[in-house]
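*Asks:* Top line first, the protein sequences correspond to chains S and H. Our numbering applies: residue 1 is where the first sequence begins, and numbers increase by one. Our numbering applies: residue 1 is where the second sequence begins, and numbers increase by one.
FYI, nobody ran anything at the bench for these hints, they're computed from the structure. One or more hints might be untrue.
[As the list claims (entries may be wrong)] Facing chain H, a subset of chain S residues (Cβ under 8 Å, in silico):
no.: 1; residue: 45
no.: 2; residue: 56
no.: 3; residue: 105
Since the structure is predicted, the reported quantities are computational estimates derived from the model, not experimental observations. For every residue, glycine included, the Cβ atom is placed at its ideal position computed from N, Cα and C.
Spelled out, the chains give:
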Amino acid sequence: DAGVTQSPTHLIKTRGQQVTLRCSPKSGHDTVSWYQQALGQGPQFIFQYYEEEERQRGNFPDRFSGHQFPNYSSELNVNALLLGDSALYLCASSLGVITGNTIYFGEGSWLTVV
Amino acid sequence: DAKTTQPPSMDCAEGRAANLPCNHSTISGNEYVYWYRQIHSQGPQYIIHGLKNNETNEMASLIITEDRKSSTLILPHATLRDTAVYYCIVRVHGTGNQFYFGTGTSLTVIP
């Protein structure tokens with residue numbers, strides 16, 4: 001049973017560029033969320049996708065956008081990269097959006113903006 | 001904002017029980033308490049969660065006070081591999097997967 005998988009694991013981008021990160025949820029899960037974790041801090045919620053729609057959004061600018069595909073996989077896109085976007089980006093999946101369901105995280109994608 | 005308060009760091013001797021406290025005094029009646037841990041900036045690993053009753057699984061036990069304003073995660077026999085940052089999270093009702101992570105407790109298991 002595959003868990004949450006993310007790609008790429010590491011990448012380096014230049015300020016001003018755009019990046020796309022990918023996530024496949026755990027088998028049987030249909031809800032995907034994205035988190036940003038800066039060094040030394042806890043993860044910060046970016047947004048959640050369910051039924052191919054953005055359902056919840058944290059305090060992140062519109063440069064951060066996403067998409068969910070019919071197979072429940074998801075992408076996180078960040079435009080006009082800033083140095084401060086350097087972080088570990090985590091994908092989490094669950095079944096539905098009902099409070100009480102267990103959420104599982106992937107190993108993350110390390111983004112470095114230079 | 002995080003709705004939980006945890007000590008920033010704790011030590012525990014290998015083989016002893018590690019008791020990690022968490023305060024969540026503003027928790028509402030239908031909010032769950034979740035515990036995750038993160039090792040070397042890998043993805044957070046699910047440990048356990050509960051609503052009212054105490055819970056136990058193969059990894060840990062979760063003790064929730066009767067008023068639900070605090071809880072304790074117990075690792076019964078800590079090993080060196082349990083060294084990690086432990087996050088106590090209250091899941092906000094009605095907002096799906098939106099977890100508010102605080103800064104967690106950095107647990108160091110000492111040989």
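*Asks:* If a hint holds in the structure, say so; if it does not, say that too.
*Replies:* Going down the list of hints, with the structure as the test:
no.	hint	result
1	45	5 Å, holds
2	56	5 Å, holds
3	105	4 Å, holds
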